[in-house]
Amino acid sequence: MTGTDPAVPKGGKRRAASDLLRRLHPETDSRLLPWLFPVLFFAVWQAGSSAGWINSRVLPSPLDVFASVFRLSESGELWENLRISCFRAVSGFVIGGSLGLLLGFATATSRLLETLLDTSLQMFRTIPHLALTPLVIIWFGIGEQAKIFLIVCGVMFPIYLNTFHGIRSVDPRLMDMGRVYGLGRRELWRQIVLPGALSSILVGVRFSLGVMWMTLIVAEAIAASSGIGYMASNAREMMQTDVMVLSILLYALLGKLADVLARRLERRWLAWRPEFLKAAP
Amino acid sequence: MFFSGKTRAASAPSHPHTAVPTGTAVRICGLDKSYVGRKVLDSLNFSMQPGEFAAVVGRSGCGKSTLLRHLVGLELPDAGEVFVDGQRRDFLHSDTRIMFQEDRLLPWKSVLRNVGLGLDGEEGLRSARAALTAVGLADRADDWPAVLSGGQKQRVSLARALAHAPRFMLLDEPMGALDALTRLEMQRLIERLWLERRFTALLVTHDVGEAVTLADRIILMESGRIARDLAVNLPRPRRRGEKEFGRLEAEVLEWIMSVHGGFI
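Residue numbers (the numbering used here), protein chains in the order written: chain G, 1 to 281; chain A, 1 to 264.
These aren't lab readings, by the way, just hints derived from the structure by calculation. Do not take every clue at face value.
In silico negatives: residues of chain G with every beta carbon more than 10 angstroms from chain A [said to hold, decoys possible]:
#1 W45
#2 A47
#3 N55
#4 L59
#5 P128
#6 G178
#7 M239
#8 I248
#9 L261
Which chain A residues face chain G? A few, computed with CB under 8 angstroms, are given here [said to hold, decoys possible]:
#10 R104
#11 P107
#12 G118
#13 W144
Stretch-level coverage of chain G by chain A, calculated; a stretch enters the list once three of its residues show a Cβ under 8 angstroms from a Cβ in chain A [said to hold, decoys possible]:
#14 69-81
#15 264-274
Don't be surprised by glycine CBs; every beta carbon is placed ideally from N, CA and C.
Only chain G is shown next, with the shape it has when bound in the complex:
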């Protein structure tokens, strides 16, 4: 046939490539594939350390780091620090997230509150919240409040901004439709505004999860007597590079875990979005 659509052979080629991959590795699973590079990374790192190319005083081998996990968990130090860090992260996120959400709802629905609050919030937002650290230490000492306060400041604004934006960008034509079909204020809110704003709110949640860990690392390294960040800065003073590397890896793992949870929520709550719809079998 003449004049075939150029898109057809292209798509065919792409399919052929993934078929080839599958044939080479029949057990290859899309769930395992993302871990290929992390595993490769550790393998090269270990090989470099074993061969003596990497000075273990500068960078310990993965096996050394792994050994430190056992050492620290036997003394209970690791779990205690992990627990306290997670506690700070979660409570800061819950408080800051709720504040951001409520402020977003309030300013998006009331012109008065928007005029009243938005300028102040926007000004406050531009301050890097970590710049408050010295003041916060004076206010709260190095107790729990200091860390939680900093996380609250960091987490609040991404969620506030995205909630505000999400609600404001709900299609007014859908609102008209809802009114015509007899929905009252509460039902409009529940059935149209909230679901319409949800994807934007979740973008804010994912962004603020990143801010949450970052804030925690800094806050714990500067002003803490427990937690993973403290463990790392303490290890620096004793030149325990394995513990320092371990702390970094733990942050990476926790960050990934939080992101996976957020993605799960997206998949569950935004199942209607075309990108999450599976083609009918």
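Please build the complex by placing chain A on the supplied structure of chain G, with the hints as guidance.
Then chain A, alone, in the frame of chain G:
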């Protein structure tokens, strides 16, 4: 009241299936509306018999859609009144439903939940399911709107309107965005459902052929007022290509094109 024994006025021809009209009587008196100094509705008057199907045609910007927004209660007029069944209407009412040009389905609700919007409980779901069956989409009840075609989405939005058993149905160019074949199907579907249920229907359209196919009356609007009111006395179902159909279509088209303000 308006929907007494006298079946259908002279403007409406007798149909093979004459059902008792359940539609509302509508009267519009001196409706005025301006937006930023521009008059969109200019002391507009007209009335509809219960169960009548009228079509409003006119150039874009002649105030057709604004008229519908007033009738459904989304806008308040600057002056003038709308009476439905003799009662003054300036609010949203459950006997009036509108179908928009876009489907306006909620993407986060299944097809069935969309149709059941604004209806409560088991009873509501039952009428939603019945409406979905009436438009031939009962098997798509659990799908997301995103997987439907444009024509199917518009049928779902028709079902959503029908589920409320409206007595006054406003159709704001609901077929404007559909391809020619789907549009013909949709016209037949709307005509069939109207013949079965006998609601009062007011269709805004750009498509003169569509107006001639469906309406008992064609109302020509020009800069916020009604310029002409034509009765269509053709037997249903009407077919394009019939002589009288063609003559009427040409007449209406000619009239619209002759209104001042053409580009050429």
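Here is what the structure says about each hint:
no. : hint    : in the structure
1   : W45     : holds, 45 angstroms
2   : A47     : holds, 48 angstroms
3   : N55     : holds, 56 angstroms
4   : L59     : holds, 49 angstroms
5   : P128    : holds, 36 angstroms
6   : G178    : violated, 7 angstroms
7   : M239    : holds, 55 angstroms
8   : I248    : holds, 40 angstroms
9   : L261    : holds, 21 angstroms
10  : R104    : holds, 4 angstroms
11  : P107    : holds, 5 angstroms
12  : G118    : holds, 4 angstroms
13  : W144    : holds, 5 angstroms
14  : 69-81   : violated (count 0)
15  : 264-274 : holds (count 5)
When held up to the earlier numbered hints, the structure conflicts with 6, 14 and fits the remainder.
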